[in-house]
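**Q** Residues per chain, in single letters:
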Amino acid sequence: MEGESFTDINGTPIFLDCQSHSTFCREFTVTSPKVPVTKVIVFTCSIWLLAYAVFLFTEDTVVLTSAILITLVSMMLYVHLVKVEQETLFIIGSLGVQMSSSYASGRETTTFIELNKIKDIVINEAIYMHQIIYYLCVLLKDPSDPDAVSSVVPLFQSSKPRLNCLMKVYRSCQEILSKCP
Amino acid sequence: MVLKIFYPQCCNLANSGLLIGSWIQGHNSAVVLAVVHYPFIPGQVKRYIQQVSTASGVKLSVLGSWSLPSEAEKGVENFLRDLRTIFPQDRWLQISRKMGQTGFNCSILDRSQGTILFVHYDQRNVMLSQLHPIQTEELDPSDSELRQVFQIVSLSQPLFLLDRYDDGPLKSTHWQSGGQEASIIVELLKMASVPLCLTISCLLHLLPLNFLCSKLSTCVQLSYRSDHLRALSSPKTAVGHSEFMRKANVLVSILVDMALGFLLMYWLYSDNHISMLANALVPAADHVAKELEELLQWLMGAPAGLKMNRALDEVLGRFFLYHIHLWISYIHLMSPFVETILWYGGLSAGLGLSFALALLSDMVALLTFHIYCFYVYGARLYCLKIYGLSSLWRLFRGKKWNVLRQRVDSCSYDLDQLFIGTLLFTILLFLFPTTALYYLVFTLLRLLVVVLQGILHLTVDLINSLPLFAVALRLTRFYRLAEGVKFSVLCDEPDTPLHLLMEINPLSCASVIKTYRTPTYSCYPKDSWTNLVKKLFVGELIYPWKHKTIKTD
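Sequences listed follow chains Y and B, in order. Under this note's numbering, read the first sequence as residues 1255 to 1435, first letter to last. Under this note's numbering, read the second sequence as residues 5 to 557, first letter to last.
So here's chain Y without its partners, still in its complex pose:
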């Protein structure tokens, strides 16, 4: 997929792809890079070497078997539950906003928020570990009081793009939201 290259808060390159289907319907896809092979090799090797060291002392093959099983299971869990490869924001004027993230294993989770529940889309600041980061979020209306905000739904949670990327998404989102009261 071709897209503009940005960096996330850690400096890793990410790609933003904007697709405009119509004047009131746009799709933003943020693609994170795949897991580097060196990381996988280092992780596997370190666990196996450790297991082998323990095996030399105990001379019990259970250690080796369990090490292999642990590596396999943890890799699968990582791919299935943690590693998000793509995050998509699909904004449809007069209908709503859909956020979906697809994991490295192919699993997809999707949430759709209707437009009458959305108050606004804004860029917010947050303290994250030892730094201050910006993130895009959807403000939800409180059903009892239309002026109040009941909760905040952060967007692009796992890829965490930097401000310049967020600004681009934010501008096009506001363009669509302003057209559809």
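Hint data in this document are derived by calculation from the structure and do not stem from the laboratory. Backbone N, C-alpha and C define an ideal beta-carbon position, used for all residues, glycine too. What you were told as hints is all true, and nothing was included just to trick you.
Below 20 Å or equal to it, Euclidean Cα-Cα: the simulated SDA-like pairs (lysine to any residue) are:
1) Y:Lys1373 to B:Met5
2) B:Lys490 to Y:Phe1278
3) Y:Lys1395 to B:Arg151
4) B:Lys490 to Y:Pro1408
5) B:Lys490 to Y:Ile1367
6) Y:Lys1433 to B:Ile120
7) Y:Lys1373 to Y:Ile1430
8) Y:Lys1433 to B:Met5
9) B:Lys490 to Y:Tyr1357
10) Y:Lys1371 to B:Gln155
11) B:Lys490 to Y:Phe1366
12) B:Lys490 to Y:Leu1369
13) Y:Lys1433 to B:Gly118
14) B:Lys251 to B:Leu202
15) B:Lys490 to Y:Thr1342
16) B:Lys490 to Y:Ser1354
17) B:Lys490 to B:Cys14
18) Y:Lys1373 to B:His31
19) Y:Lys1371 to B:Ser148
20) B:Lys490 to Y:Glu1281
Residues from chain B that keep clear of chain Y, each with C-beta distances beyond 10 Å, as calculated:
21) Tyr42
22) Gly47
23) Lys175
24) Ile204
25) Ser238
26) Ser274
27) Leu449
Rough simulated footprint, nothing fancy, chain B against chain Y, three-plus residues with beta-carbon under 8 Å:
28) 1345-1351
29) 1365-1375
Based on these hints, arrange chain B on the given structure of chain Y.
**A** Below, chain B alone, put in the same frame as chain Y:
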């Protein structure tokens, strides 16, 4: 303004005709439900729409016209426009397909030209699905649009009854079942269920289950299941989705429970497993008693190098040893009957695995009665000492507890009082470690038993409350329980409106369990962890759980 048209996928290739559907109140959108084909007699169409509207409670109307490319000839334009005069409407949609285009074209008559958005939906899935969180209230114009779409489609089921084999004056395209199907077995079961329910509810009314004691977990389980059966066998049919799901969950959980129970029975009564168990049980109890005896002997010496008060240690140790002696003779007296008791107890598994587990929990409680006794004695002694020490400590400082005001007041004691008090305090203080040690050891033993019983209770609770029907529904018919929807772009061509595909986003398994859990008389620990530790420290008796039915004074 964007006009949204919810269009069923099954009508994509329908023959030309009239669009029947409903405008969504409060939103600029329309739901298309069916296409009525040419030729038709306008009067009949109007009457049919009237009939379906009254049957379903949805305000149906003719939305516009639908034409396929083959009929795009000259003169059709005028014909389509004339149709509008026959079915007077505020807005009139003209949807048409052109050769070489996947998308539809649509024009709205008599309105300022706005953009149009087509949302394609699968009529059957939307009709059958239930949007979560469940709302039981009536349609509200300010309500969310998708909820209204789901409600309109599911309410207009009478419209979908007309199928293609019907030889009526009207021909229409919409979602169709493959014809009505029926099974003799299902019908017979339905017929049989009515008298069965009646007899069960009569039996339940006759049985005096209300005053069964709540101490035994078997009795609790019995009353719980009878409540379930009472709810199941009530003569009223379930109204609404949640009540239906509750009934189905309870029924499935009872059936699964019984099936597991029969499996257990099969295992127990084949290969003489019962007598093997009985033969193993008495030696096990003997073994536990012997271990306890050894433990007591150890405590009576110098446990872990601690120097105890010799006299008190001896007295306590002998007392407990005598108790164990009593217990062993009791077990030996019981041993000939254990097998019979197990044999009859095993029959309870026929009522369900949960009953067998509850009975097991009761049996564990009975078999470890000596541990419970030790614990109570130890706790009482310990508690007495703690209270004595604390009040004498107050005396030591020239204070006393004012019962009326619930606070500590200062008080001037006599010399005699002070002397006796100090003496008692010293004695209690020096005897305290011995009692505390016995208390500690027996509390640990008691906690072991409590944990075992707690696990059994949790298992029974799990069997009772797990919504198996809902989980099965989620796994096999994912569209029945919807968390929301998801959209994807279906076709994006120049000069046709945008087409989106609306799919159902199924509820995640965790939220299925959370939503549909059967409420139980759950045996959760009432105390928080800190409260529990505090109680243990002060020496109050702890029980693993409290039932909601127990009255507190």
